[in-house]
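Chains as they are written, first to last, in my numbering: chain A, 1 to 186; chain B, 1 to 284.
Worth flagging that the hints you see were computed from the coordinates, not collected in a lab. Warning: the hint list may mix true and false statements.
Said to hold, decoys possible - Okay, derived cross-link-like pairs now, PhoX-like style, lysine-lysine, Cα gap no bigger than 20 angstroms in a straight line:
#1 B:LYS179 / B:LYS219
#2 A:LYS120 / A:LYS135
#3 B:LYS115 / A:LYS120
#4 B:LYS97 / B:LYS113
#5 B:LYS28 / B:LYS159
#6 B:LYS159 / B:LYS115
#7 B:LYS208 / B:LYS219
#8 A:LYS170 / B:LYS105
#9 A:LYS100 / B:LYS113
#10 A:LYS170 / A:LYS100
#11 B:LYS28 / B:LYS136
#12 A:LYS178 / B:LYS246
#13 A:LYS135 / A:LYS171
#14 B:LYS113 / B:LYS99
#15 B:LYS99 / B:LYS111
#16 A:LYS168 / A:LYS178
#17 A:LYS178 / A:LYS120
#18 A:LYS100 / A:LYS120
#19 A:LYS178 / B:LYS99
#20 B:LYS175 / B:LYS113
#21 B:LYS115 / B:LYS52
#22 B:LYS246 / B:LYS208
#23 A:LYS168 / B:LYS105
#24 A:LYS178 / B:LYS52
#25 B:LYS175 / B:LYS136
#26 B:LYS137 / B:LYS28
#27 A:LYS120 / B:LYS52
#28 B:LYS179 / B:LYS137
#29 A:LYS171 / B:LYS113
#30 A:LYS178 / A:LYS113
#31 A:LYS113 / B:LYS52
#32 A:LYS113 / A:LYS135
#33 A:LYS11 / B:LYS52
#34 B:LYS97 / A:LYS11
#35 B:LYS97 / B:LYS137
#36 B:LYS28 / B:LYS219
Values in this document were obtained by computation on a predicted structure and should not be read as measured data.
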Amino acid sequence: METKNILIEVKRQTGVNIRECYQCGKCTAGCPVAEEMDLRPSVIMRMIQSGTNEEMDQILRSYTIWLCLTCETCYSRCPMDIDIPKVMDYLRQRSLVEGKVHPEARKIVAFHKSFLNTVKRNGRLSELFLTIDYKMRSLRSGTLFQDMTVAPGMISRGKLHLIPEQIKDKKGFSRLFKNQLKKRKP
Amino acid sequence: MKIGFYPGCSLTGSSREYKESILAISEKAGIELVEISDWNCCGATAAHNLNKELSVSLPARNLALAESDGIEELVVPCAACYNRLVMTQHELNEDEKLKSQIAEKLQMPLKNKLKILNVLQYLEEYFVPRLDELIKKPFEEEVACYYGCLLVRPNQVIKADRWEDPMSMDVIMQKLGAKPIDWAFKTECCGAGFSMSKTEIVGELSGKIVRNAVNQGAKAIVVACPMCHSNLDMRRPAINSYLKTKIEVPVMYITQAIALAMGMSEKEAGLQRHFVPVSFSVNC
Numbered sequence: 001m002e003t004k005n006i007l008i009e010v011k012r013q014t015g016v017n018i019r020e021c022y023q024c025g026k027c028t029a030g031c032p033v034a035e036e037m038d039l040r041p042s043v044i045m046r047m048i049q050s051g052t053n054e055e056m057d058q059i060l061r062s063y064t065i066w067l068c069l070t071c072e073t074c075y076s077r078c079p080m081d082i083d084i085p086k087v088m089d090y091l092r093q094r095s096l097v098e099g100k101v102h103p104e105a106r107k108i109v110a111f112h113k114s115f116l117n118t119v120k121r122n123g124r125l126s127e128l129f130l131t132i133d134y135k136m137r138s139l140r141s142g143t144l145f146q147d148m149t150v151a152p153g154m155i156s157r158g159k160l161h162l163i164p165e166q167i168k169d170k171k172g173f174s175r176l177f178k179n180q181l182k183k184r185k186p
Numbered sequence: 001m002k003i004g005f006y007p008g009c010s011l012t013g014s015s016r017e018y019k020e021s022i023l024a025i026s027e028k029a030g031i032e033l034v035e036i037s038d039w040n041c042c043g044a045t046a047a048h049n050l051n052k053e054l055s056v057s058l059p060a061r062n063l064a065l066a067e068s069d070g071i072e073e074l075v076v077p078c079a080a081c082y083n084r085l086v087m088t089q090h091e092l093n094e095d096e097k098l099k100s101q102i103a104e105k106l107q108m109p110l111k112n113k114l115k116i117l118n119v120l121q122y123l124e125e126y127f128v129p130r131l132d133e134l135i136k137k138p139f140e141e142e143v144a145c146y147y148g149c150l151l152v153r154p155n156q157v158i159k160a161d162r163w164e165d166p167m168s169m170d171v172i173m174q175k176l177g178a179k180p181i182d183w184a185f186k187t188e189c190c191g192a193g194f195s196m197s198k199t200e201i202v203g204e205l206s207g208k209i210v211r212n213a214v215n216q217g218a219k220a221i222v223v224a225c226p227m228c229h230s231n232l233d234m235r236r237p238a239i240n241s242y243l244k245t246k247i248e249v250p251v252m253y254i255t256q257a258i259a260l261a262m263g264m265s266e267k268e269a270g271l272q273r274h275f276v277p278v279s280f281s282v283n284c
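Bound-form chain A, shown alone (with noise of 0.2 angstroms):
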C-alpha cells in the first residue's frame, strides 16, 4: 500500500510514471556525476517503485538529489521518455522543505538561494551581489577565499559590474514571489 502511494504521489506531483521503468540502467550510465553520486539514478527509479516511506525518506537525505546538473543526459536516452530531471526537481523541493538536505549539498543551496534572492531584489541577476549573498551564507563552508583570485581578472575585463542592473516594474515583479499557487490535482 505504501509502495503505490509513494508513485501516486510522485505521478500527482509531477506527471511522471516511474513504474514504467525496467531498470535498464542508461541514464546511470550516461550521467556525468554518477560516480559521485550515493544513490544512482537507476536506484532511485527502483526505490521509487518499491519504496516505502524510509526509502523515500533516504531518498529526500541523499547527496544525489542536488549532485543533477538537470544535463537531461538521462531523459534524453530513456527509452520509456521518463524524464528524471523532473523528478530530481520535485525531490529537491521535497527534500528541501522537509528539512532534508545532505550536509555536503548546503553550499549548493546556499547558491541556489542567495541566486533567486539576487534576482528577487533586482528582477535581474547581478554575479557581484550573488557572489556577495553566497559568500555570506557559506561562510561556515569557507568559501571566502575562494575565487579571490577571479574578481580581479572580471573586472579589469569589463566582466563584474558595481551597479546592478535593475527593472522598472518591481511591484508587478514581486508578485511573483508571493503567494504560490497551491499544489493542483490531476
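Fit chain B to the given chain A structure using the hints.
Below, chain B without anything else, positioned relative to chain A:
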C-alpha cells in the same frame, strides 16, 4: 528587419562579449535586434531546483512582455535562458489551466505563440543564406564545436538536428571556412551551475571536454552558451589542476568567429575579454 532579443543576465556581465559580438554582426548584416522591454532573469537552474512555480512564472513574464512589444520572433543567445523559455512555453501549452493561472498572476495576456530561436537557429535563418556576401576573410581554423546540454536536450521538447551528434554548428563553421573536428564530447555537460559551489566538479567535467578537443586537434573550442564558455575559459585553472597540465586552447563564441570572418577586429569581436588568451589574426 526587426527581431526580438532577450539577452539574459550573463550577457550583461560575465559574457558581455557574446552580446557585443551578436549585436555587432547583426548590425553589419542590417538586422535590428530589439531588446524586450523590462525583461527579467529567467530563473535559470536555481528556480527549477528550488521553486517549481518561479521556474515557470519568471520565463513566462518575458514571453508575455515580448508579446506586448509586438514581437513574433525572439532570439535568445544564452543556451540556459533559451532552454528555460522553450520549456516554459511547452509546459504552458500543455496545461491550459496553469497558463491562465500564470497569466492572471502576471496580469498580462499570454497567447504563448512566440517563435523562439537559439543562436544557431538565428544564424542558420538569417546569416547562412547570405554568407558569401557577408564574409570577407574565411575563418580557417580547426575547431571543436561544443554544444553542451541545453541547446540539444531534452530532445523530447528541444528539437535539435541530431541530439547525440548535432551538426548545425559544425555546418555553420564549415561554411565560414573552418575545419570542424570529429570528437566525442560535443554534448557532454561542463558542470553548468556548479561553477562556484562545486568548482572541482566543473574542473573534472570541463577538463574531460577540453582534453578530448585538444587530443583531436582543435585549435579553438567554439561555443554558443555563456555557462559553457565561463566554465571552459574562466575555470581553466580548475581544469588544469584536474588534468595536471596546462592547456592553452582558447574558447570562443560562434558569433565572435563570425565577427572575425566578417572583417571585424579582435577587439570588436571582444576577444580581449577572455581569460585564456585568444588571437586569430584577420588580414583582409
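Going through the hints against the structure:
1. At most 20 angstroms may separate the alpha-carbon atoms for a hinted pair to count; LYS179 of chain B and LYS219 of chain B meet this at roughly 10 angstroms.
2. Taking the CA atoms of LYS120 of chain A and LYS135 of chain A, the gap is near 18 angstroms; set against the 20 angstroms cutoff, the hint holds.
3. Straight-line distance between C-alpha atoms of LYS115 of chain B and LYS120 of chain A comes to about 27 angstroms, which puts the hinted pair past the 20 angstroms bound.
4. Of the pairs offered as hints, the one joining LYS97 of chain B and LYS113 of chain B holds, with about 16 angstroms between alpha carbons and a cut-off of 20 angstroms not exceeded.
5. Under the criterion of a C-alpha separation no larger than 20 angstroms, the hint pairing LYS28 of chain B with LYS159 of chain B is inconsistent with the structure, at around 29 angstroms.
6. Restraint check for LYS159 of chain B and LYS115 of chain B: the C-alpha separation of about 13 angstroms stays at or below 20 angstroms, so the hint holds.
7. The straight-line distance between the Cα atoms of LYS208 of chain B and LYS219 of chain B is roughly 16 angstroms, inside the 20 angstroms bound, and the hint therefore holds.
8. For the proposed pair LYS170 of chain A and LYS105 of chain B, the alpha carbon gap of about 14 angstroms is at most 20 angstroms, so the pair holds.
9. About 40 angstroms separates the Cα atoms of LYS100 of chain A and LYS113 of chain B, which puts this hinted pair outside 20 angstroms; it is violated.
10. Simply put, LYS170 of chain A and LYS100 of chain A have alpha-carbon atoms about 33 angstroms apart, too far for the 20 angstroms limit, and the pair is violated.
11. At roughly 12 angstroms between alpha-carbon atoms, LYS28 of chain B and LYS136 of chain B fall within 20 angstroms of each other, so this suggested pair holds.
12. A distance of roughly 49 angstroms separates the Cα atoms of LYS178 of chain A and LYS246 of chain B; the hinted pair therefore is violated under the 20 angstroms criterion.
13. For the given pair, LYS135 of chain A sits about 28 angstroms from LYS171 of chain A by alpha-carbon distance, which is inconsistent with the 20 angstroms threshold.
14. With a C-alpha separation of about 12 angstroms, the suggested pair LYS113 of chain B and LYS99 of chain B falls inside the 20 angstroms cut-off, and the hint holds.
15. The suggested pairing of LYS99 of chain B with LYS111 of chain B holds, with an alpha-carbon distance near 9 angstroms, which does not exceed 20 angstroms.
16. Note on LYS168 of chain A and LYS178 of chain A: the hinted pairing holds, with a Cα-Cα distance of about 18 angstroms set against a maximum of 20 angstroms.
17. For the hint pairing LYS178 of chain A with LYS120 of chain A, the CA-to-CA distance comes to about 11 angstroms; that is within 20 angstroms, so the pair holds.
18. Taking the CA atoms of LYS100 of chain A and LYS120 of chain A, the gap is about 25 angstroms. The hint is violated against a cut of 20 angstroms.
19. Between LYS178 of chain A and LYS99 of chain B, the direct Cα distance comes to roughly 17 angstroms. Compliance with the 20 angstroms bound is thereby established for this hinted pair.
20. With a CA separation close to 32 angstroms, the supplied pair LYS175 of chain B and LYS113 of chain B exceeds the 20 angstroms bound.
21. Straight-line distance between C-alpha atoms of LYS115 of chain B and LYS52 of chain B comes to about 24 angstroms, which puts the hinted pair past the 20 angstroms bound.
22. Between LYS246 of chain B and LYS208 of chain B the CA atoms are separated by roughly 13 angstroms; this keeps the pair inside 20 angstroms, and the hint holds.
23. About 18 angstroms separates the Cα atoms of LYS168 of chain A and LYS105 of chain B, which keeps this hinted pair within 20 angstroms; it holds.
24. A threshold of 20 angstroms between alpha carbons decides the hint, and for LYS178 of chain A with LYS52 of chain B the separation of about 13 angstroms falls inside it, so the pair holds.
25. Distance hint between LYS175 of chain B and LYS136 of chain B is fulfilled; the C-alpha atoms sit about 12 angstroms from each other, no more than 20 angstroms.
26. Note on LYS137 of chain B and LYS28 of chain B: the hinted pairing holds, with a Cα-Cα distance of about 15 angstroms set against a maximum of 20 angstroms.
27. Distance restraint check for LYS120 of chain A and LYS52 of chain B: the Cα-Cα separation of roughly 15 angstroms lies within the 20 angstroms cut-off, and the hinted pair is therefore satisfied.
28. In summary, the hint linking LYS179 of chain B to LYS137 of chain B is supported, as the alpha carbons are separated by about 15 angstroms, within the 20 angstroms threshold.
29. Restraint check: the Cα-Cα separation between LYS171 of chain A and LYS113 of chain B comes to about 26 angstroms, which exceeds 20 angstroms; the hinted pair is violated.
30. Distance restraint check for LYS178 of chain A and LYS113 of chain A: the Cα-Cα separation of roughly 16 angstroms lies within the 20 angstroms cut-off, and the hinted pair is therefore satisfied.
31. As the CA atoms of LYS113 of chain A and LYS52 of chain B are separated by approximately 14 angstroms, the hinted pair is consistent with the 20 angstroms bound.
32. For the proposed pair LYS113 of chain A and LYS135 of chain A, the alpha carbon gap of about 12 angstroms is at most 20 angstroms, so the pair holds.
33. For the hint pairing LYS11 of chain A with LYS52 of chain B, the CA-to-CA distance comes to about 15 angstroms; that is within 20 angstroms, so the pair holds.
34. A distance of roughly 18 angstroms separates the Cα atoms of LYS97 of chain B and LYS11 of chain A; the hinted pair therefore holds under the 20 angstroms criterion.
35. For the given pair, LYS97 of chain B sits about 53 angstroms from LYS137 of chain B by alpha-carbon distance, which is inconsistent with the 20 angstroms threshold.
36. Between LYS28 of chain B and LYS219 of chain B the CA atoms are separated by roughly 27 angstroms; this puts the pair beyond 20 angstroms, and the hint is violated.
Consistency with the previously given hints fails for numbers 3, 5, 9, 10, 12, 13, 18, 20, 21, 29, 35 and 36, ordered from lowest to highest.
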